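My numbering numbers the first residue of the sequence shown as 29 and each following residue consecutively.
These aren't lab readings, by the way, just hints derived from the structure by calculation. Since the model is a prediction, treat every value here as computed from it, not as a measurement. Check the hints yourself; a few may be wrong.
To be verified - Straight-line alpha carbon distances no greater than 16 Å define the calculated EDC-like cross-link-like pairs of lysine to aspartate or glutamate that follow:
(1) Lys-99 <-> Glu-155
(2) Lys-134 <-> Glu-53
(3) Lys-144 <-> Glu-33
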Amino acid sequence: MSSDESANLRKQLLDAIRGHQAHIEFSAAVKDFPAELQGVKPGGVPHSAWQLLEHLRIAQSDILEFSRNPKHISPNWPEGYWPGTEAPPNARAWTESVAAFERDRKEFMALVADPKFDLFQRFTLGEGQTLLREALLVASHNSYHLGQLVFLKKMLA
Numbered sequence: 029m030s031s032d033e034s035a036n037l038r039k040q041l042l043d044a045i046r047g048h049q050a051h052i053e054f055s056a057a058v059k060d061f062p063a064e065l066q067g068v069k070p071g072g073v074p075h076s077a078w079q080l081l082e083h084l085r086i087a088q089s090d091i092l093e094f095s096r097n098p099k100h101i102s103p104n105w106p107e108g109y110w111p112g113t114e115a116p117p118n119a120r121a122w123t124e125s126v127a128a129f130e131r132d133r134k135e136f137m138a139l140v141a142d143p144k145f146d147l148f149q150r151f152t153l154g155e156g157q158t159l160l161r162e163a164l165l166v167a168s169h170n171s172y173h174l175g176q177l178v179f180l181k182k183m184l185a
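Model the full assembly from the supplied sequences, consistent with the hints where possible.
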């Protein structure tokens, strides 16, 4: 792959991770989510907004660490990827989770953008995953759950 092709692939991956084009941006999904509704789970809905936000944060953090730390140990599935409560434990928790998600996303994007990291090199940890695979996973996983979050926000409005 030429350096131009690699740069173009990285740019498109970063756009997908940001939520550009066909995906909603994280900041738009969490913006102005009413505090009194963050822990509400309407009938038939599997997760509250808080649970979705924390799941997004935990999963993305795990993928980031998996991608940069060959000694990383992932949480147990599924319990380690979801919060223990339907509502934020305190008034600061939502804001702190949003900030942590954004910080980890920025760090993951820097990893993807850095040409010294081969998108196709298999990690020593795992079962043959690559940075390309993890970037696609972050983009699709975040898109899926952000769609759920926006739908929930509309249901509760």
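Against the structure, the hints:
| no. | hint | verdict |
| --- | --- | --- |
| 1 | Lys-99 <-> Glu-155 | holds, 14 Å |
| 2 | Lys-134 <-> Glu-53 | holds, 13 Å |
| 3 | Lys-144 <-> Glu-33 | holds, 15 Å |
Consistency note: the structure conflicts with none of the earlier hints.
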